[in-house]
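Turn these sequences into a full structure, and let the hints guide you.
Protein chains: 2
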Amino acid sequence: MQNLATPYLLFIGDAQDPLSIKMARSAADWSPEKCIGEYRLPGCTVTTGCPEMSIDEAAQQGAKSFVLGFANSGGHLDPNWLPMIQHALRAGLDVISGLHDRLTDYPELVATAAEFGRQLHDIRHPSGRLRTGKGYQREGKRLLTVGTDCSVGKMYTSLSIWRALQQRQVPSTFRATGQSGILVAGEGIAVDCVVADFIAGAVEQLAPANTAEHWDIIEGQGSLYHPAFAGVSLGLLHGAQADALIVCHALGRSSMRAIDNRPLPSLEETIALNEQMARMTNPAAKVIGVAVNTSSVSETEAQAYCAEVEQRLGLPCVDPIRHGTERLVDVLLTVA
Amino acid sequence: MQNLATPYLLFIGDAQDPLSIKMARSAADWSPEKCIGEYRLPGCTVTTGCPEMSIDEAAQQGAKSFVLGFANSGGHLDPNWLPMIQHALRAGLDVISGLHDRLTDYPELVATAAEFGRQLHDIRHPSGRLRTGKGYQREGKRLLTVGTDCSVGKMYTSLSIWRALQQRQVPSTFRATGQSGILVAGEGIAVDCVVADFIAGAVEQLAPANTAEHWDIIEGQGSLYHPAFAGVSLGLLHGAQADALIVCHALGRSSMRAIDNRPLPSLEETIALNEQMARMTNPAAKVIGVAVNTSSVSETEAQAYCAEVEQRLGLPCVDPIRHGTERLVDVLLTVA
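Chains as they are written, first to last, in my numbering: chain A, 1 to 336; chain B, 1 to 336.
All clues given are correct.
Straight-line Cα separation of at most 30 Å, BS3-like style, residue types lysine-lysine; simulated pairs:
no., chain 1, residue 1, chain 2, residue 2
1, B, LYS134, B, LYS286
2, B, LYS134, A, LYS22
3, B, LYS22, B, LYS64
4, A, LYS134, A, LYS286
5, A, LYS64, A, LYS22
6, A, LYS134, B, LYS22
Label pairs and their in silico Cβ distance ranges:
no., chain 1, residue 1, chain 2, residue 2, range
7, B, GLN169, A, TRP81, 52 to 62 Å
8, B, GLN276, A, GLY62, 46 to 56 Å
9, A, GLU52, B, ASN72, 50 to 60 Å
10, A, SER298, B, TYR136, 28 to 38 Å
Derived by calculation from the structure, the hints in this document are not laboratory data. Beta carbons are placed, not taken as given, at the ideal position from N, Cα and C, and that holds for glycine.
So this is what it looks like as structure tokens:
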């Protein structure tokens with residue numbers, strides 16, 4: 001579990017690809033109250049929508065953390081950013097990174113952080129002691145988003161449902177399992193980066209027993225059908241012991257992410273396998289709805305697709321961006 | 001992948017529980033040619049069967065590695081052993097540990113190893129660069145042992161089959177996925193200790209494409225039915241892309257290992273789920289036999305149990321220790 005100091009200054013470097021600043025945009029979109037501004041370099045053509053400011057301006061206005069809000073292929077730390085990170089530490093900010101490379105592997109950053117009494121947070125790398133899972137029944141209700149594939153909107157769907165629950169004053173907590181979600185929540189565990197023995201146990205710690213009426217909304221990862229990541233997805237499913245599952249899908253994708261010639265499973269297959277495997281640790285686990293990213297088709301086609309799925313499966317089906325998730329929440333709140 | 005220098009001197013400390021020296025005994029039983037002797041301290045009441053010798057005697061006789069051949073609860077390194085480890089390094093031996101605690105976290109050991117040009121091998125902790133899995137079809141045949149539970153004889157069964165294949169001059173390699181197996185093989189990857197994203201990919205690297213008639217005998221871990229470790233088992237199953245599976249089981253166990261009140265799955269359930277999940281990356285995957293640890297019952301009862309299972313499932317069923325694995329190998333060699 002990480003505990004991150006806010007507000008954040010979102011550093012987006014000289015990014016030109018909107019997808020490369022997903023981490024910064026997630027925080028700006030879902031936790032605007034935690035984001036004081038963005039710091040950008042000449043050449044940057046994208047934005048989080050937060051006001052632009054320098055490191056010193058942000059520090060003066062109370063910023064507490066400097067967030068490396070972008071990703072490049074490989075997750076490496078570009079040495080060009082080291083002077084900016086040093087500047088932020090000297091200005092009194094903690095530094096938060098979601099890169100594979102660890103800030104703490106740079107002795108000069110460790111030294112500066114120590115000198116100025118600041119923290120270096122490598123949020124992709126779990127800190128703290130993890131245990132193995134047990135699968136014992138625990139109090140409280142839990143929802144987990146699962147997928148036909150990776151990158152099909154599990155975090156977005158989870159956050160949208162959590163926000164709707166907040167608005168309806170239903171006691172609930174968003175439980176982050178990846179670096180973008182951790183930045184939004186200010187805490188969490190990147191489950192795809194824990195030691196394999198601890199996947200399920202980490203989720204049991206992340207979403208512990210709670211009051212009977214409280215909902216944990218747990219961000220899913222990967223897919224039981226993905227040949228690289230199914231182990232992570234299964235450990236997450238077993239550790240979550242979810243009462244309710246929502247299947248996420250991206251319309252029009254022809255092959256599993258980063259794998260050639262592997263078609264996505266059908267929604268029916270995805271529902272059946274997730275329910276089968278989830279019931280090993282929660283016999284009541286049930287898929288209660290479907291969330292689809294329909295951005296590849298027109299609004300009319302999206303509506304027709306969702307209507308057809310609803311008819312076929314007897315479950316509500318929405319595009320969370322186009323239609324919101326209120327109809328999923330309506331069904332969620334009927335789960336005993 | 002680890003590459004370990006042999007012969008080994010097996011250090012068993014002052015152990016009194018035969019189970020606590022599983023690592024040392026595995027090496028002595030399965031790779032006696034790699035074991036020059038054992039080093040024991042006053043109070044030790046167990047043995048690997050290797051000749052007793054001091055560190056200096058072993059060094060004189062050509063020992064190349066000093067093996068911490070025991071485990072204690074928690075996998076911690078007892079500071080009492082540091083002087084012996086230092087002694088071994090100064091005598092010119094590498095040091096091999098299967099503990100959770102890393103040798104390389106002890107600056108004094110790192111310094112001595114550097115001074116004497118020796119290696120510190122933490123074989124539970126994967127070294128080298130891992131990739132994510134792809135699930136692409138690859139040449140060569142592979143067998144994976146799977147289980148109803150943890151600690152049901154998957155390593156023993158795998159090694160017994162591999163030895164039988166060697167005796168029949170069938171080209172084959174034992175692929176180790178845990179610390180005891182790695183010590184036997186001299187190389188391998190402890191898959192339960194890799195970062196979760198890389199479970200399947202690590203197995204693809206461990207058991208790469210080979211000639212069409214070559215068998216990789218891959219040591220399984222955990223169980224798809226274990227609430228803590230199913231994610232590891234699924235990643236292993238997907239990465240192995242095994243043509244043949246052998247289900248391992250321990251007769252008379254009343255609950256899944258380290259979990260209260262969770263009965264073991266039936267053999268039928270274990271076969272069905274492993275075949276279902278394995279076929280995601282190898283549509284031809286098939287359970288070809290059953291290996292049971294029958295040590296809880298008499299020889300007569302063991303034979304009756306195995307005969308009943310054979311009748312019920314139509315698959316050969318043996319206790320590898322009591323009956324050997326020749327009958328499993330007979331069936332294995334009929335796999336196209």
